[in-house]
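2 protein chains.
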Amino acid sequence: MELETIQECDGGVTAAQGFVAGGLYCGIRKAKKDIALVRSTKPARTAGVFTLNKVVAAPLLVDKLQLQKSNLCSAIVVNSGNANACTGEQGMKDAWTMVDMTANALHLPREQVLVSSTGVIGQYLPIEKVIEGIRELSTKLSIDGNKDAAEAIMTTDLFSKECAVRFKSGSSVITVGGMAKGSGMIAPNMATMLAFVTTDAAIAPSALQAALNAANSHSFNCISVDGDMSTNDMVLVLANGLAKNEEIRQNTLAFQQFLTALEYVLIKLAKMIVRDGEGATKFVEIIVQGARSEEEAMQAARSVANSNLVKTALHGADANWGRILAAVGYSGIEFNPANVSISFNGLPVFKPNYEIVLDEEKAKEALSQENITVLINLNQGSAEAHFWTCDLTKEYVNINASYRS
Amino acid sequence: MELETIQECDGGVTAAQGFVAGGLYCGIRKAKKDIALVRSTKPARTAGVFTLNKVVAAPLLVDKLQLQKSNLCSAIVVNSGNANACTGEQGMKDAWTMVDMTANALHLPREQVLVSSTGVIGQYLPIEKVIEGIRELSTKLSIDGNKDAAEAIMTTDLFSKECAVRFKSGSSVITVGGMAKGSGMIAPNMATMLAFVTTDAAIAPSALQAALNAANSHSFNCISVDGDMSTNDMVLVLANGLAKNEEIRQNTLAFQQFLTALEYVLIKLAKMIVRDGEGATKFVEIIVQGARSEEEAMQAARSVANSNLVKTALHGADANWGRILAAVGYSGIEFNPANVSISFNGLPVFKPNYEIVLDEEKAKEALSQENITVLINLNQGSAEAHFWTCDLTKEYVNINASYRS
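Line by line, the protein sequences give chains L and C. 383 is the number that the working numbering gives to position 383 of the first sequence; each next residue is one higher, with no gaps. 382 is the number that the working numbering gives to position 382 of the second sequence; each next residue is one higher, with no gaps.
Heads up, some of the hints might be wrong.
If chains are identical, the list can't say which one is meant, so a pair holds when it fits in one copy or spans any two.
Each computed SDA-like pair below joins lysine to any residue, with the alpha-carbon atoms no more than 25 Å apart [stated by the list, open to error]:
(1) Lys351 - Val120
(2) Lys54 - Gly332
(3) Lys271 - Ile399
(4) Lys64 - Glu334
(5) Lys394 - Phe283
(6) Lys394 - Gln369
(7) Lys364 - Arg275
(8) Lys394 - Glu370
(9) Lys129 - Arg29
(10) Lys64 - Glu89
(11) Lys42 - Phe255
(12) Lys168 - Glu8
(13) Lys364 - Tyr124
(14) Lys394 - Thr156
(15) Lys168 - Ala214
(16) Lys351 - Gln289
(17) Lys30 - Glu361
(18) Lys129 - Glu89
(19) Lys64 - Pro352
(20) Lys364 - Asn353
(21) Lys394 - Glu285
Calculated directly from the structure, the hints in this document are not laboratory data.
Excised from the complex, chain L in its bound form (with noise of 0.2 Å):
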């Protein structure tokens, strides 16, 4: 895909027309900002994923009812410092409690609000917080809030995440932009992240969902961090029309090109969460090249990416590419691994017939490096994919085993 006529802007969640965003601190964090809104002025046509964990939080379940009513969507509130998950009727209670105070504080018809938690699980939320939140919160959303708002969705996060593009469509201009969190309990089909998009162009809400679903798998189901899915991740796409260009449907030149914008927002948020995996040091991309299909490439790439062997071999710069070998051996695709072939940020280790090529010390060099290439030839057809990990490290740990603390 061409991405020449993209470029990107500022703005984020709000720089596409007609969206306004804030963020505060309502008390359910530590003295860290904690509530967030994203509005649009007209309502939107929306489009989401969301996670295939079985167990949902109460936002999820609340938005798919909402969604179902209305695909039309004027406003997010989204709270950090609790996930609002396995609370029962209480956390379903006090989801609904969210849309509704926030339906009231802006005036909007209750289906057109949807509600998005992230942070610990199995706790009750402070509901009178967070009303409280709202209510300040919905007389303070402005075109400047987009990064109040993306640092008051962050929890381990150690930076906040926006992204923003433009390009031209027909006569009129069309931005996409976006926030997302996350940094732990990142695993394939989502994670504990959450994104959300807005954008002006004007499209039909099959071609919204078509390239939410198109540009999701290969960004977000793309990365891993832990290899644990989250019971909270969503992703959401709002649409308000307000750039006035001609309605986009599917197979059409101007789906391809809002796919491309979609894609692109979506791929940098992802990698910047996996930069800022906790405890992280380095960013590793996994290449699978020559498999028989993109699924099995995907099969193999995500298994390597996590791989807590090769993640913390990784770290040590060891470069120890039988253990790569072995985890796509046990990803469950066949190959023959006499066939395959190893690089490191272009260095060849392993080649077919297993010859080994391995020069230690240039190989510690290139994984030395704070951005790492993983490539893997399995040789045996035309297919490919990327996935985006990091190194395991000391620091995940300690984040992790007192994360509650």
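Got chain L; can you put chain C on it based on the hints?
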């Protein structure tokens, strides 16, 4: 199954009649014993299970060929420090050389020798040193050589692993004993683990293999240290018949008795591997009850046992039961989270209908123990499974960031 009649005894792999063993340093590792031999004075019926990894080390390929030719085995030669995996043609040649040198030195038919390796992947064996080691070791086998053999198969293991039991079968006394190694790259469907078990039972070949399959599925397939499955795993059982019992056949009481004894030995060895898990400070038993099938119970238990988030929380004595429920949630089984209950060492923390009964202080105390039992009841059936794992620590990262160095 009844264990009353089964008594533990000393002797490990030489506890049963007619077995001698030994181990010594031949120069593969740094100043540590690295080659072991086990010999049966009478050719023994042999059963084996091997890794499911698609990348299979040379010695396993050789053993599979050997067992096709003859299921009688008189000697097993094992080296540590080098896995002879991903070594292609040269690796196959080296594995056959180990077989031939052992056959020559002990005056055995070539087809009665099995070979095994463990250690670093992707380096050629220093075969001259190995040959010299076999020559020397073959003159030093004894009934007291079990401890040296058990030490010589260790890699990152901190202690050697042996177990033996004795029981009456009719008028005969049958002994089953064995040794194992493993402390990292431990995952379901075996792991970087080797186990060699000897018995003087007279048993039909098909019954021996059936007993091994059953015992293995309740022992080595129920442990996990890091979820990585190795290229070298194998369990071998040799039965030489010197106990002179009536030959054991399947579907008999004697078979049940033998299976119970074998399972006892394998479970004990498997638990030792977990206790010796790289960097581990805690031994964790995951019990899933109330499942619709044993397979589903196992699937859920495995998912919890392999979760980095669960393992770091247990390390930090953090009662983060939400991560446990989330790991069941992405295990792939169907269940209703509202029915689930969870307890730590008998202390309930989560009850059906999302009732959170967590007493933080008591939970902290329970999780500060060295032995932790996590009981998860799905309350939707009567099947259960046990799975053993350890906590994930900074020391695990330490060990594996520089394993080859």
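Tested hints:
Proximity of Lys351 and Val120 under a CA criterion of 25 Å is satisfied inter-copy only: 18 Å between copies versus 46 Å inside one chain copy. In the homo-oligomer, the alpha carbons of Lys54 and Gly332 lie at most 25 Å apart both inside one protomer (23 Å) and across protomers (8 Å), since each shortest distance falls under that limit. Only within a single protomer do Lys271 and Ile399 lie at most 25 Å apart by alpha-carbon distance; the minimum there is 20 Å, versus 28 Å between protomers. Taking identical chains as interchangeable, the C-alpha atoms of Lys64 and Glu334 lie at most 25 Å apart only when they sit on different chains, with a minimum of 20 Å there against 38 Å within one chain.
With identical chains, the CA atoms of Lys394 and Phe283 are at most 25 Å apart both within one copy (16 Å) and between copies (20 Å). Within a single copy, Lys394 and Gln369 get their C-alpha atoms as close as 19 Å, and across copies as close as 22 Å, so both meet the 25 Å cut-off. Taking identical chains as interchangeable, the C-alpha atoms of Lys364 and Arg275 lie at most 25 Å apart only when both belong to the same chain, with a minimum of 21 Å there against 32 Å between chains. In this assembly of identical chains, Lys394 and Glu370 lie within 25 Å of each other by CA distance both inside one copy and across copies; the values are 17 Å within and 21 Å between.
Taking the closest pair of Cα atoms, Lys129 and Arg29 come within 25 Å of each other only inside a single copy of the chain (11 Å); across copies the shortest separation is 61 Å, beyond that limit. Taking identical chains as interchangeable, the C-alpha atoms of Lys64 and Glu89 lie at most 25 Å apart only when both belong to the same chain, with a minimum of 16 Å there against 57 Å between chains. Proximity of Lys42 and Phe255 under a CA criterion of 25 Å is satisfied intra-copy only: 22 Å inside one chain copy versus 75 Å between copies. Taking identical chains as interchangeable, the C-alpha atoms of Lys168 and Glu8 lie at most 25 Å apart only when both belong to the same chain, with a minimum of 13 Å there against 78 Å between chains.
Proximity of Lys364 to Tyr124 under the C-alpha cut-off of 25 Å is restricted to the inter-copy arrangement: shortest distance 20 Å between copies versus 48 Å within a copy. Within a single copy, Lys394 and Thr156 get their C-alpha atoms as close as 16 Å, and across copies as close as 19 Å, so both meet the 25 Å cut-off. In the homo-oligomer, the alpha carbons of Lys168 and Ala214 lie at most 25 Å apart inside one protomer (21 Å), although the nearest pairing across protomers, at 65 Å, exceeds that limit. Taking CA atoms no more than 25 Å apart as the test, Lys351 paired with Gln289 passes inside one copy only; the shortest distance there is 14 Å, against 47 Å between copies.
Taking identical chains as interchangeable, the C-alpha atoms of Lys30 and Glu361 lie at most 25 Å apart only when they sit on different chains, with a minimum of 21 Å there against 46 Å within one chain. For a Cα distance limit of 25 Å, the shortest separation of Lys129 from Glu89 inside one copy, 19 Å, qualifies, whereas the shortest one across copies, 68 Å, does not. With identical chains, the CA atoms of Lys64 and Pro352 are at most 25 Å apart between copies only, with a shortest distance of 24 Å across copies and 49 Å within one. For the identical chains of this complex, Lys364 and Asn353 are intra-copy neighbours only, at 23 Å inside a copy versus 53 Å across copies, given an alpha-carbon limit of 25 Å.
Within a single copy, Lys394 and Glu285 get their C-alpha atoms as close as 21 Å, and across copies as close as 24 Å, so both meet the 25 Å cut-off.
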